[in-house]
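Here is what each chain is made of, one letter per residue.
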Amino acid sequence: MRSNCPAKSKIGNTSFPRHATAFTNGVWLGTGTAFALIAIFGYLVYKGIGSINLSFLTQTPKPPGELGGGMANAIAGSVLILAIASLLGVPVGIGAGIYLAEYGRNRFGDTIRFVSDVLNGVPSIVIGIVAYAIVVLRQKHFSALAGGVALAIMMVPTITRTTEEMLLLVPNALREAAFGLGVPQWRTTLSIVLRTATSGIITGVMLAFARVAGETAPLLFTAFGNQFWNWRLDQPTAALPLQIFTYAISPYDDWHRQAWAGALVLIILIVSAVAAVRIAVRRGTLGGVA
Amino acid sequence: MGVGIQVENVNAWYGKSQALHDINLKVEANHATALIGPSGCGKSTFIRCLNRMHETTPEARVEGKVKIGELDAYDGTSPTQLRRRIGMVFQKPNPFPTMSIYDNVAAGLKLNGYRDKKHLDEIVERSLKSSALWEEVKDSVHKKSGASLSGGQQQRLCIARALAVEPEVLLMDEPCSALDPISTGKIEELIFELKAQYTIVIVTHNMQQAARVAEYTGFFLLGRLIEYDKTEKIFTNPSDKRTEDYITGRFG
Numbered sequence: 462m463r464s465n466c467p468a469k470s471k472i473g474n475t476s477f478p479r480h481a482t483a484f485t486n487g488v489w490l491g492t493g494t495a496f497a498l499i500a501i502f503g504y505l506v507y508k509g510i511g512s513i514n515l516s517f518l519t520q521t522p523k524p525p526g527e528l529g530g531g532m533a534n535a536i537a538g539s540v541l542i543l544a545i546a547s548l549l550g551v552p553v554g555i556g557a558g559i560y561l562a563e564y565g566r567n568r569f570g571d572t573i574r575f576v577s578d579v580l581n582g583v584p585s586i587v588i589g590i591v592a593y594a595i596v597v598l599r600q601k602h603f604s605a606l607a608g609g610v611a612l613a614i615m616m617v618p619t620i621t622r623t624t625e626e627m628l629l630l631v632p633n634a635l636r637e638a639a640f641g642l643g644v645p646q647w648r649t650t651l652s653i654v655l656r657t658a659t660s661g662i663i664t665g666v667m668l669a670f671a672r673v674a675g676e677t678a679p680l681l682f683t684a685f686g687n688q689f690w691n692w693r694l695d696q697p698t699a700a701l702p703l704q705i706f707t708y709a710i711s712p713y714d715d716w717h718r719q720a721w722a723g724a725l726v727l728i729i730l731i732v733s734a735v736a737a738v739r740i741a742v743r744r745g746t747l748g749g750v751a
Numbered sequence: 070m071g072v073g074i075q076v077e078n079v080n081a082w083y084g085k086s087q088a089l090h091d092i093n094l095k096v097e098a099n100h101a102t103a104l105i106g107p108s109g110c111g112k113s114t115f116i117r118c119l120n121r122m123h124e125t126t127p128e129a130r131v132e133g134k135v136k137i138g139e140l141d142a143y144d145g146t147s148p149t150q151l152r153r154r155i156g157m158v159f160q161k162p163n164p165f166p167t168m169s170i171y172d173n174v175a176a177g178l179k180l181n182g183y184r185d186k187k188h189l190d191e192i193v194e195r196s197l198k199s200s201a202l203w204e205e206v207k208d209s210v211h212k213k214s215g216a217s218l219s220g221g222q223q224q225r226l227c228i229a230r231a232l233a234v235e236p237e238v239l240l241m242d243e244p245c246s247a248l249d250p251i252s253t254g255k256i257e258e259l260i261f262e263l264k265a266q267y268t269i270v271i272v273t274h275n276m277q278q279a280a281r282v283a284e285y286t287g288f289f290l291l292g293r294l295i296e297y298d299k300t301e302k303i304f305t306n307p308s309d310k311r312t313e314d315y316i317t318g319r320f321g
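Chains as they are written, first to last, in my numbering: chain A, 462 to 751; chain B, 70 to 321.
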């Protein structure tokens, strides 16, 4: 007993500062990350806010050399392309994730997991080429649809894997509870497992969405870009990242300023889309049973 | 009303290892039957064979005959049909966390497509009353989530949820092992009342509990049913030496 006492107090003495250091480190890392994010956003606001005005948000680009004009068609084009991408990519991704988590403990499941992980690492320009090959060449047109397909392909692996992870986190006890009530497996998956994991899955979807929303490379030869309005799915369509890219490498100061403004608008669009979905989902899940 | 259960030559496996050997047993309708035995002896596996829950475990399999009343559990009956007639309460309370108290109780009916709102209201109230939870939650059935209740209340909620689908048999897999003595007392009282309407099979580690609530008791050891008789007989005058050793605390 006696020999234990000094040893014990020694541990006590050394462990306190250690905890303290770990805590301070954590605080520093946290502040560092927050600072970096705020710095990026702050710089964007600083550079871009001055060029955001009514004409920027309502007009199409002016010919090179002329001052003014805006990115309204690119904002609309981005919304259109992202809507197509989400409509195609989200159901496929969530469906694949459900399959992997609930039924995929076999070789086919392992293959899908492997393919999806590889797909996650494929450079976005390559995915652009794939979309070019399967949509553009066939339609003989650059189009919003082709851009949407390219972005959808990029969304799928992230959504698939996060959906799977989130569903696997749902305790088996809940599945058993539902089985025990005579609820068939498909219904259990949809109404119990999926519902319980909703907020995690939404996080995955939003991550994938935010990632592709800023992609430029896969749109270069799919959506292609457009100086004018376009609402048709089979026509070349402007997109914010493309417009930012074109303007940023141009020789005109006015276009540089507009590129900054475009970047700021893009970030704001992404943040508000993510926030809106989160709020909508929170309202929805607090309601009744499906 | 409860129905009897007849079990003939049931064997069960997890992969290659056999968990149950030739179980034969007749459970009396409208009585409580307790299954006791040391951990890993197969009592939980056994009751999971009664509602075909065993086969949901990967690589698990069952052979033999189980009759729930007139219904042959493994021949010509789908697991979902069977489970609608057999309620199950698990070791740890497992209410659906995204659902209100009301929706938890109504879940079995709603998820099977039942929609009559007025009738659902009645069933929910009746089930919560039978599980002795109604008085505590009647003002917040829609407002509170099932997960916000205390452990004992959650378990009674799970019992209400099982009763709402109007089963004939209620299987309870160590329903009190995660609860404090007061909640345990409430659940035991409940079992006493529920016997009038349901056939109850309860797995328990607590021998006093078996003695208190059950008319019949089965003793499991290493996947075999060693002895099955009136509870009184098992606890005062067991015919098998191993049963006697177990209930007198000489092993296990």
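The reader is advised that the hints may include incorrect statements.
When the alpha-carbon atoms are kept at most 20 Å apart in a straight line, the in silico SDA-like pairs for lysine to any residue are as follows [claimed, not checked]:
{"id": "1", "chain 1": "B", "residue 1": "K161", "chain 2": "A", "residue 2": "R744"}
{"id": "2", "chain 1": "B", "residue 1": "K213", "chain 2": "A", "residue 2": "L630"}
{"id": "3", "chain 1": "B", "residue 1": "K161", "chain 2": "A", "residue 2": "A634"}
{"id": "4", "chain 1": "B", "residue 1": "K213", "chain 2": "A", "residue 2": "R566"}
{"id": "5", "chain 1": "B", "residue 1": "K187", "chain 2": "A", "residue 2": "L630"}
{"id": "6", "chain 1": "B", "residue 1": "K136", "chain 2": "B", "residue 2": "K186"}
{"id": "7", "chain 1": "B", "residue 1": "K213", "chain 2": "A", "residue 2": "S652"}
{"id": "8", "chain 1": "B", "residue 1": "K161", "chain 2": "A", "residue 2": "F502"}
{"id": "9", "chain 1": "B", "residue 1": "K161", "chain 2": "A", "residue 2": "R636"}
{"id": "10", "chain 1": "B", "residue 1": "K85", "chain 2": "A", "residue 2": "R744"}
{"id": "11", "chain 1": "B", "residue 1": "K186", "chain 2": "A", "residue 2": "S652"}
{"id": "12", "chain 1": "B", "residue 1": "K255", "chain 2": "B", "residue 2": "Q277"}
To spell it out: a stretch of chain B is covered by chain A in this simulated footprint if at least three of its residues, at any positions, have a beta carbon under 8 Å from a beta carbon of chain A; those stretches are [to be verified]:
{"id": "13", "segment": "103-113"}
{"id": "14", "segment": "126-140"}
{"id": "15", "segment": "176-186"}
With the C-beta cut set under 10 Å, the calculated list includes, among others, these residues of chain A facing chain B [unchecked claim]:
{"id": "16", "residue": "G570"}
{"id": "17", "residue": "I573"}
{"id": "18", "residue": "I590"}
{"id": "19", "residue": "R636"}
{"id": "20", "residue": "F640"}
{"id": "21", "residue": "G641"}
{"id": "22", "residue": "R648"}
{"id": "23", "residue": "T649"}
{"id": "24", "residue": "R656"}
{"id": "25", "residue": "T659"}
{"id": "26", "residue": "I663"}
{"id": "27", "residue": "T664"}
{"id": "28", "residue": "T707"}
{"id": "29", "residue": "A709"}
{"id": "30", "residue": "R718"}
Please keep in mind that the hints were generated in silico from the structure rather than gathered at the bench. Every residue gets a Cβ at the ideal spot worked out from N, C-alpha and C, and that includes glycine.
Here is what the structure says about each hint:
A distance of roughly 29 Å separates the Cα atoms of K161(B) and R744(A); the hinted pair therefore is violated under the 20 Å criterion. Our distance criterion of 20 Å between C-alpha atoms is broken by K213(B) and L630(A), whose separation comes to about 23 Å. Distance restraint check for K161(B) and A634(A): the Cα-Cα separation of roughly 8 Å lies within the 20 Å cut-off, and the hinted pair is therefore satisfied. About 36 Å separates the Cα atoms of K213(B) and R566(A), which puts this hinted pair outside 20 Å; it is violated.
Between K187(B) and L630(A) the alpha-carbon distance is near 35 Å, which puts this suggested pair outside the 20 Å criterion. For the given pair, K136(B) sits about 34 Å from K186(B) by alpha-carbon distance, which is inconsistent with the 20 Å threshold. For the suggested pair K213(B) and S652(A), the alpha carbons sit about 19 Å apart, so the restraint of at most 20 Å is met. Pair hint K161(B) plus F502(A) does not hold up; C-alpha atoms about 47 Å apart against a cutoff of 20 Å.
Taking the CA atoms of K161(B) and R636(A), the gap is about 13 Å. The hint holds against a cut of 20 Å. Note on K85(B) and R744(A): the hinted pairing is violated, with a Cα-Cα distance of about 48 Å set against a maximum of 20 Å. Restraint check for K186(B) and S652(A): the C-alpha separation of about 19 Å stays at or below 20 Å, so the hint holds. Restraint check for K255(B) and Q277(B): the C-alpha separation of about 15 Å stays at or below 20 Å, so the hint holds.
Evaluation of the coverage hint for the segment 103-113 of chain B: breached, as 0 residues show C-beta separations to chain A shorter than 8 Å, against a requirement of three. Only when three residues or more bring their CB closer than 8 Å to a CB of chain A does the claim for the segment 126-140 of chain B stand; here the count is 1, and the claim is violated. For the segment 176-186 of chain B, the assignment as covered by chain A holds, since 5 residues bring a beta-carbon within under 8 Å of that chain's beta-carbons and 3 suffice. A cut of 10 Å between beta carbons decides the hint on G570(A): the least distance to chain B is about 13 Å, and the hint is violated.
Taking 10 Å as the C-beta cut-off, the interface hint given for I573(A) is violated, the closest approach to chain B being about 18 Å. Because the smallest distance between the Cβ of I590(A) and any Cβ of chain B comes to about 41 Å, over 10 Å, the interface hint for this residue is violated. For R636(A), the interface hint holds, since its Cβ comes within 10 Å of a Cβ in chain B; the closest pair sits about 8 Å apart. This hint holds: F640(A) has a C-beta 6 Å from the nearest C-beta of chain B, less than the 10 Å allowed.
Interface restraint check: G641(A) against chain B, minimum CB-CB distance 4 Å, threshold 10 Å, status holds. Given the 10 Å rule on beta carbons, the hint for R648(A) holds: about 5 Å separates it from the nearest Cβ of chain B. A cut of 10 Å between beta carbons decides the hint on T649(A): the least distance to chain B is about 8 Å, and the hint holds. The interface hint given for R656(A) is met, as the beta carbon of that residue sits about 5 Å from the closest beta carbon of chain B, less than 10 Å.
About 8 Å separates the beta-carbon of T659(A) from the nearest beta-carbon of chain B, less than 10 Å, and the hint is met. The beta carbon of I663(A) is not positioned within 10 Å of any beta carbon in chain B (closest approach about 13 Å), and the interface hint is therefore violated. Here the hint on T664(A) is broken, as its CB sits about 16 Å from the closest CB of chain B, past 10 Å. For the restraint placing T707(A) at the interface with chain B, the shortest Cβ-Cβ distance is roughly 46 Å, beyond the 10 Å limit, so the hint is violated.
The interface hint given for A709(A) is violated, since its Cβ lies 46 Å from the closest Cβ of chain B, which is over the 10 Å cut-off. The beta carbon of R718(A) is not positioned within 10 Å of any beta carbon in chain B (closest approach about 48 Å), and the interface hint is therefore violated.
Hint violations for this structure: numbers 1, 2, 4, 5, 6, 8, 10, 13, 14, 16, 17, 18, 26, 27, 28, 29, 30, all remaining hints satisfied.
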